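Here are the chains, one letter per residue:
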Amino acid sequence: MTPRRKKFFRFPWRTTRQIREDVDEELRFHLDMRVDALVALGLSPDAARTRALREFGDLDDARRYIGAVDRDIEAAQRRSDFMNDLWHDIGYALRKLRAAPLFTLAAIVTLALGIGANTAIFSVVNGVLLKPLPFPQPERLVRLRFTQHGHSDAGTPMDLVDNRSRATSFAGFSVMEGTTANFIHDNADAERVQGVRVGTNWFSLLRVKPIAGRFFADGEDQADAPNVAVISEGLWKRDFGGAQSVIGKTVRINSQPFTIIGVASADQHYPLTVDLWMLKRWAPNELVDQSRGARWLGFLARVKDGVDVSTADNEVAKISEAMEKQFPEAFRERRTHVVALQDWLVGDVRKPLFIMLGAVALVLLIACANVANLMLVRATAREGEMAVRTALGAGRGRLVRQLMTESVMLSTVGALAGLAVAKLGMHALLGRAPQDLPLVATASIDGATLAVTAVIALLTGVVFGVLPAMQVGKHDLATALRAGSRGTRTRPGANRAKRAIVIAEVAVAVTLLTGAGLLLHSFAKLLSVDPGFRPEGVLSMKILLPSRAYDSTSSRNFIHALEERARAMPGAKSVGITNIIPLDGGGYGFSFAIRGRPAGRPSDEPNTEVREVTPDFFATMGIPVLRGRGIMASDQPGAPKVLVVNRAFADRFFPNEEVIGQEIRLGWGKEPKGETTPIVGVVGDVHGDALESKPEPTVYASIMQAPDDGLSIVVRTNLDPASLAAPLRAIVHELDHDLPVFSVQTMEERVAGSVGRQRFYATLLAIFAAVALILSAVGLYGVIAYAVSQRTHELGVRVALGATGDRISRMVIGEGLTLTAIGVVIGVAGSFAAGKLVATLLFGVGAFDPLTIGSVVVVLAAVAALASWLPARRAARVDPLAAMRGD
Amino acid sequence: MAAKPMDLLQGTLDVLVLRTLAWGSMHGYAVSRSIHQRTDGVLEIEDAPLYKALHRLEQAGFVSAEWGLSENNRRARYYALTPAGRRQLRTEESAWRRYAEAVFKVLEPT
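Protein sequences, first through last, are from chains A and B.
The working numbering numbers the first residue of the first sequence as 1 and each following residue consecutively.
The working numbering numbers the first residue of the second sequence as 1 and each following residue consecutively.
Since the hints were made in silico from the structure, they are not lab data.
The model shown is predicted, which means the values in this text are computed figures rather than measured ones.
Think of the CB as a built atom: it goes at the ideal place given N, C-alpha and C, for glycine as much as any other residue.
Any given hint might turn out to be false.
Label pairs and their computed distance ranges (CB to CB) [claimed, not checked]:
1) B:Val42 x A:Gly91: 53 to 59 Å
2) A:Ala448 x B:Tyr99: 46 to 52 Å
3) A:Leu53 x B:Ala100: 32 to 38 Å
4) A:Gly91 x B:Arg86: 29 to 35 Å
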C-alpha cells in the first residue's frame, strides 16, 4: 500500500488504449459480481443483469468520466517521473562533477571563455545592428541617398522643393545641415557644441516627444521669427543640472541670442551625436533653380503608413529622373534613393560586426570541441560505471539522458561564468570601441542577450555532449564489466572521434588565425602609410570663429595675434594655422576652371579640395615644398592672390605640363567672375581623409587672403606636445573669452584615431584567434597525453625491445604533427573563404596572402610541436618494468 | 463546504467512500455493497457516481489504486486510503458532525 508507488519502483506507463481497457475491465468486474449475487438470490440471469445495470446508473457517462480522469492521472505521473529522474540525474551529475574537480574546472573555464566572448559580441551586434531604432515605426524612417556619376553626393535645397511637391508616399521631408556652435549660457565659459539645423517638422517626423518644453512649431523658421533652439538631455543635465527653468532661457549661440524651447530625450533623438537643434532658415537665393549645383544638405523622411518603402524608393528615383531631364546640366546622371535610417547609420559596420560574430562563434565551436574531448576521455574512464548501470537495468536512453544532463549542467555553469566574462569583456570592448562606431553606447547585456546566451548554453551542452553520449552502449557489456575495475582499453572508435575533433579544432584555428593575420597585416600596412606630414611632436586644436562676431578683418587680426603669441610660447618651434586639419574629415571638393582650357559641362568640371593655411603651416606639419614656393607672409589681402597645389593636383590635371604658372578659377563664389589665380608652387601630398584613401588633388590658399570661420592651429615642439595644450588654451582664452577650444590632440593621436576601427577589428580578431590557438593547443595536448597514458604498456614493450627514448618521443611528436598537418590543410582551404569574407576590410593585402598563411602554418606547427613534446617527454621516460607490471 | 445541493451530494459521497475504505483496501464492488448495507438502502446511491468518486479521489491523492486478485480469483482494482486521504476523512467527518448537530439543534423542540 504505497501512496507514492514511484518511490520504490516504476510501473510501466500506460497508453490511452490500455487505460480504456482497464476502465472496461473494472466496470465489467463490478457488473459481473452484482449479477452473480442477484442470481444467487434467485433472479434469472437476464433479470439480474437488467437490475444490475439499473442500479449502476449511467454506465457510458461513468466510463467516459473515469477514462478522462485516469488519463489525467497518467499524464501527471509521467511529468512527475520525468522531474524525479531529472532531479536524480542532476544530483548524480553534481556528485560526478564534484568528484572530478580538475575536469570540471577545465570544462567550465573553457566554456566560460567561449560563451562569454559570444555574449559580449552578440550584445554589441544586438545593440548596433539588431535592436530597432528608438523611434515609433523606425522602419519607415529613411534618409535620401544622392549619387551623381556613381559618386555619392549631397542634397540641394531644390531636392526639398522637388520631392515635397511631387512625392506622395511620404508623411514628410526634412533637411538637415550639420554645424558646430559656440554655446554660451549665463556666465559660463564658451563651449563648442555639435549641432544641426533642421526643418520645423524634424521631431514630428521622428514622432518623439520632448522631455521638457516643446519642439519646433510651423513658421518658426521664418526670417522674422525669434531664434529658438532645442537642446539634448545630455547638455541639459551637464550645463543646467536638469532644471525646468531652462525652458525660455536665452543663451548665446555663435554670438546670437537664442531661446531654449525644449529638451530632447537622450534615448530618442537623432542625429545621435548632436546636442543642439536649430532651424534651417532659407536665404532668398537658396530655394531657386540656380542653387541646384550647391550640394550640402542631408534629408530625413518618413514613409507614409501603408506605403511600401520600396514604393517610396521608386517614387524618389522617378522624380530625380524627371529632374535630370529638366536640368540636364546640373543633374546629369544624378540618382536619388531612400535608405532605411538604421542602414544609413550602421551600413558600413554591419559586415565587420557579423564577421566578428562569426569568428567568436568559431571560438565557441573550438571550446565545445575541447570539452567534448574531455568528456570523451571521461566517458572511456567511466565505461565500467556505465556497464554496471546497464547491467542493473538502465536503458541506453536513460544513460544518454544522464550524460546529456551532465553536459547541459556543465554548459549552464559555464554560461553563468560566461556572463561574468561577458560583463568584463563588454566593459573592455566598449572602452576600446572607436568613437565613430554608431549606436555602440546602446549595447548592453539585456533580455535578448540573456536569451541568446541561454540558447547558446543549451546548444553547446548538446553539441559537446552528444558525441560521448553516442558512445554509450556501443561496447560489449561483459568485456567492460570484466575490465571494469581498471577501466577499459580504448576502443578504436573513441580514439578516432578524439582525433577528428582535434583535426577540426586545428582547422578552425587556422581559419581564424588567417583572418586575424590578414587584418593585422593590413593594419600594419596602414600604419606604415606615410601620411604626408610628420606627426611627431605636433599639437593641434580647433577653434570656431562665429561669423556674427568676426568679419574678415577681425578674423585676420585674430589669426595674426594667435600665431604671434603661440610662437612665443616656451618650447614652440613653429606654429601653423589652417582651416581644415588633415585626417579630420571636413574637406569638400570645389569645381574649378583652368585658364586656357574650354570649360566643360558643370557636372564634368575638374574638382579639387581647397585649404587655407598660414606661411609656416607646411614647415610645422613637415609637408615638403617640392617646387616653386609655399605660402608666404607677403601673401596678404592687398597682394595678388596665389595658390599652391599638391603633387596629386599637378599629376592629375597637368600630367605633361609645368603646373607652376598655370592659372585657375575656383568656382566657390569668393572670386569675381573671370578672375584667375596663378599657381606658384607644389607641395607634397597629404592623406587628408584617411590613410587608406588616396590623397585628393588639393590647392592651398593664404588664409590671410580668404579667412574661414573654422580654424585649426598646429604647433611643433621638442617637448611633449601634450604639455603645450594648457598654455595654448590660455592664449585663446585671453584673445577672446567667448571662444571654446576643442579637439585638442597631438597629430600622432589623430593618426591613431583615424585608424581606430581597423585597430578595433584587428585587435578583436587577434584576441579570438589567440584564444582559438590556445584552446586547440590544449586540445591537442590532451589527446596526445591521453594516448600516451593509454599506451604505457605498449611503450614499455617497445623500450624493453630496445627503442630509445628519442625514438619514442619522435613517434609521439610525429603523431601530434600528423594530426596538426591534416588540420592545417583543411584550415588553409577554410582560410580562402575567410579571406574572401574579410577582403573588403583589407588594405594593401590580398585576400590570399602567402605571407600571412605561411606565418600561421609556422605558428601552428610550433605550438603543435610544443603541445606534443610535453607528453612525448613523458613517453620517453617510461620505465618498461613498471609499465608492464602495471598491466 | 457543502453550500450547494450538488456539492452536498458530491461531498457526501466522497466522505462515505473514504470512511468505507478506512476499514481496509477493497475493490469498487465491495465499496458499493458496503455503503449500501451500512445505509440500509436509505440513500439511493447509484454505482456510476460511486466509481467517478473513486477515480476522482485517486486523482486528488486521497486513495491509491492497484490491480489485485478478488475473492473469486478475478482481476480487480483495489482501492486504499493514503495518509492524505486519512487526514481528509478526519476533517470531513468533523465538518459533517458539526453540520448535522447544527441542523438537529434547529429541528429538535426546545
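Each hint tested on the structure:
1. B:Val42 x A:Gly91: 53 to 59 Å: Between valine 42 of chain B and glycine 91 of chain A, where Cβ atoms are some 55 Å apart, the hint holds.
2. A:Ala448 x B:Tyr99: 46 to 52 Å: Since alanine 448 of chain A and tyrosine 99 of chain B have Cβ atoms about 58 Å apart, the given range 46 to 52 Å is violated.
3. A:Leu53 x B:Ala100: 32 to 38 Å: holds (33 Å)
4. A:Gly91 x B:Arg86: 29 to 35 Å: Holds, since glycine 91 of chain A and arginine 86 of chain B (Cβ atoms, about 31 Å apart) stay within the stated range.
In the structure shown, a violation is registered for the earlier hint numbered 2 alone.
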